[in-house]
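Please put together the full structure from these sequences, using the hints given.
Heads up: the sequence lines are chains F and Y, in that order.
Going left to right, the first sequence walks through residues 7 to 527 as our numbering numbers them.
Going left to right, the second sequence walks through residues 7 to 527 as our numbering numbers them.
Just so you know, these hints were derived from the structure itself, not from any lab.
Do not take every clue at face value.
Since the list can't tell identical chains apart, any single copy or any two copies may satisfy a pair.
[Said to hold, decoys possible] Calculated cross-link-like contacts (lysine-lysine; reagent style DSS-like; alpha-carbon spacing at most 30 Å): (1) K318 <-> K258; (2) K513 <-> K461; (3) K440 <-> K272; (4) K521 <-> K94; (5) K100 <-> K432; (6) K387 <-> K72; (7) K169 <-> K72; (8) K521 <-> K451; (9) K440 <-> K458; (10) K389 <-> K458; (11) K245 <-> K303; (12) K458 <-> K300; (13) K169 <-> K332; (14) K491 <-> K458; (15) K75 <-> K169; (16) K308 <-> K457; (17) K458 <-> K100; (18) K127 <-> K387; (19) K491 <-> K100.
2 protein chains.
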Amino acid sequence: MSLKLVTLLKSHATVMNLRNNVLSNCFAKSITTSSCHKIQEEVSKLLALKAQLNTEDAGPQKFTLKTPKGTRDYNPQQMSIRNDVLQKIITVFKRHGAECIDTPVFELKEVLTGKYGEDSKLIYDLKDQGGEILSLRYDLTVPLARYLAMNKITNLKRYHIAKVYRRDNPAMTRGRYREFYQCDFDIAGAYDPMVPDAECLKVVTEILDTLNIGQYVLKINHRRLLDGMFEACGVPADKFRATCSTVDKLDKSPWDEVRTEMINEKGVTPEAADKIGEYVRLNGGTELAEKLLKDEKLSKTKAAVEGLEGIKLLLEYCALFGIKDKILFDLSLARGLDYYTGVIYEAVLTQPIKIGNEEQTVGSIAGGGRYDNLVGMFDSKHKQVPCVGVSVGVERVFSVLEAKLAAGDIAVRTSDIDVYVASAQKNFLEERIKVCAELWNAGIKTEQSYKKNPKMLNQLQHCEENGIPLAVVLGQSELERGVVKIRNIVSRQEDEVPRDSLVQELKTRISALNKEINGTS
Amino acid sequence: MSLKLVTLLKSHATVMNLRNNVLSNCFAKSITTSSCHKIQEEVSKLLALKAQLNTEDAGPQKFTLKTPKGTRDYNPQQMSIRNDVLQKIITVFKRHGAECIDTPVFELKEVLTGKYGEDSKLIYDLKDQGGEILSLRYDLTVPLARYLAMNKITNLKRYHIAKVYRRDNPAMTRGRYREFYQCDFDIAGAYDPMVPDAECLKVVTEILDTLNIGQYVLKINHRRLLDGMFEACGVPADKFRATCSTVDKLDKSPWDEVRTEMINEKGVTPEAADKIGEYVRLNGGTELAEKLLKDEKLSKTKAAVEGLEGIKLLLEYCALFGIKDKILFDLSLARGLDYYTGVIYEAVLTQPIKIGNEEQTVGSIAGGGRYDNLVGMFDSKHKQVPCVGVSVGVERVFSVLEAKLAAGDIAVRTSDIDVYVASAQKNFLEERIKVCAELWNAGIKTEQSYKKNPKMLNQLQHCEENGIPLAVVLGQSELERGVVKIRNIVSRQEDEVPRDSLVQELKTRISALNKEINGTS
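Set out below in structure tokens:
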């Protein structure tokens, strides 16, 4: 303890020295930027030492035990749901031939700079601990573009399932977190118009159908059409992106508020805003695209015509894919991110989901679009790789399923042990260990109590609580006769089988039980 | 553009103002710690604005395109290897009834403070952006302990596979990264001595056997024995942990260097160091534990006797599990982390691995131990939950398998598409789209070209390069006759089948092909 005191005093002396250094630096004859930097360095050192002093002084822990704001743990039941949902999504991605890649959780800060528009303020930065300046990834799209440019890859169909990070205001009951999963499917490469774009929409329908979480609509729009529309309404070109971000708020705010923001914050004239207001209330199908192609203002705007022709072609391919009834061409869809250049889309659940006796509104569940210029931003010669992709926001799906679990509407099993090795008498730990080893070596999912002399009742209760179907019950008299008992937990029936054929007998029974389950589900 | 210039000038003016603020602050009459803090704040703002100026000024990107130091992307082949390895490990974990949990990638910094001893300097901190002070997780053990304490869980057998972060010196060719996977299996709960501990060792053997990466030894030791040994050698109690960290370096440094560090940096006397030196060269089995129980010095030290009795019991259970030939009781094993309290272990590959014509040494591949006091550190009433666990360091396994792949010793497939929908003639995109939709809806893994009129040769080449076994070839004359051709890519044989029975016919062929593959592998 006296040693600790010495260390503390020493640290304190160092802090004092540093503080003096800072003071003399401050009063030095000329303060340049570089000496300011020096000050900052010394101050940091001082603060770090102070923090250390506090820690050593701390004694028992005093902070509230929690996960960071906007994040959560997944318990075994939640993981069971999560793994099941992700597995279904992966199955769809693989059915379309997507390969899997992964990238680091952080990127050089410069990689993320200038890619997300207004949302950039939500990026998590790492502390400068010497070396590179890093930020946590904000999505999986920018890392993909960096990956393609860095490796000079011009063709790739990939999926990527990983967590991304946004310092947003969390709304955790509705599945909005600061750490959350994205499931991305993207097609990179120069191909014919709308062919990969339409496949992305097909992928979304397959995922939403397999997740079986209710009716949905796939809203589509086109950035070229939005640009053309802004142009036709008299918005100057340098305000297109800002106006677009404002239109994006239409899914949460009424037109009046959006109009006010356009005029007061984005510098759009009231006349232009009103004209935009007329367009963004339109939605429909091919007939709307055709009508707009004849629109007096839009038909004279190259960008708008390009966008409308694109939408028409996309709708045609969607019809061939058999998903046209799920698509809605919606001029109010804008998407927040800066990097989209062509078609954009968003999947929205159209009905609240029933959970127990309550209803929960989920809203947007997937989104994406075409971004033809993003890879080029990373290439020294600005070589472009056209890309289109979709991102499924599974946290909302998890939330719904977890609420269903809590309401007793669904049940999950968190381990899939088939056999529990139990003993009715004392001093059977050694025998149990040997049997467990034998079953594990045969690939049988097996558990036992970690107690030397567990009670029979507790062992059987564990089986019932965890849905373990079979127990091997060891006993002195049986072992002497060269047999063991197999107990069916549900029926409570016990059968003696020869010790030598235990593995074979268990395998037969497990296989029969599995067939039973698959047959009835 | 003129607008941008204005913004730049404005920003510059703000920077100048801030700089002046800093200067006047520095020359203020009395500089207290709080004004130092103020200076630091202003300097940070200034630097942030400067950085912004630089960014806006940047034009085309100038930074080197790379992943952060010590990290890497995984390409599809690497992902294929990684997913295969992780799946094998999960199978073992599940065979032992482990449930799965997940925790956030970052924790409150305070959660990690004081848990890792000397290694704490390697923790990645997040920038203070207002709100909580966060750090990236350093391992999966401390988050587990936080999870158990926070949720008042006293029993759990869980696995957790996730990335952890250490600002270490990377040695990437040998699989040492700053971002890397850990595969953890832990048993929490108050049970009888060494029963769960022995199962952890059994789990490690099953994993290393299934990964099939060569011969290995599982070194075991006991923290109580180490403490008792230090005591018996005359090391004061407050130097046990520091001495232990030094012993831990024996796997990389010779005894002479370790001895010097003990004496010069840890304040151990030369006499004590020499006595330690005699013990740490010992290794063996049960007979060594028994011999040491009779050792003059150790037998008088309570901690040493406890440790040795523990080792004896563990070796007994290992014998019953049938893994004793893989265990080595080794007194030089110390493990770096502070939180271990009982048995510790480490799996080491004993032979270099042959890759092509070269050999690669892998070394340590898994490690763990008992940590009975860690959960209590998070509990306000210091309520303990005894835990034991093991962590498998799979990056080294990935490295070995990737090197084998590069040397041509193994091959992997990155997508598992079964059917490619091709057309021999032009203007068949629409027909291809319809067939693809039909096959996807039937659950068949299908791909097509995203070009309107791809060349037949290119389509078949894609199948060959990607190991796609079957192609559906669409043609005008066949469609008019109500048939399509199925081509076997390897044999090049083509058969006509009725268009109506295409799905059924493909399913039959895919199932036959899969049986063929599984039969021969």
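Worksheet item: Of the numbered hints stated previously, which ones are contradicted by the structure, given in increasing order?
Response: Per hint list: single violation, 3.
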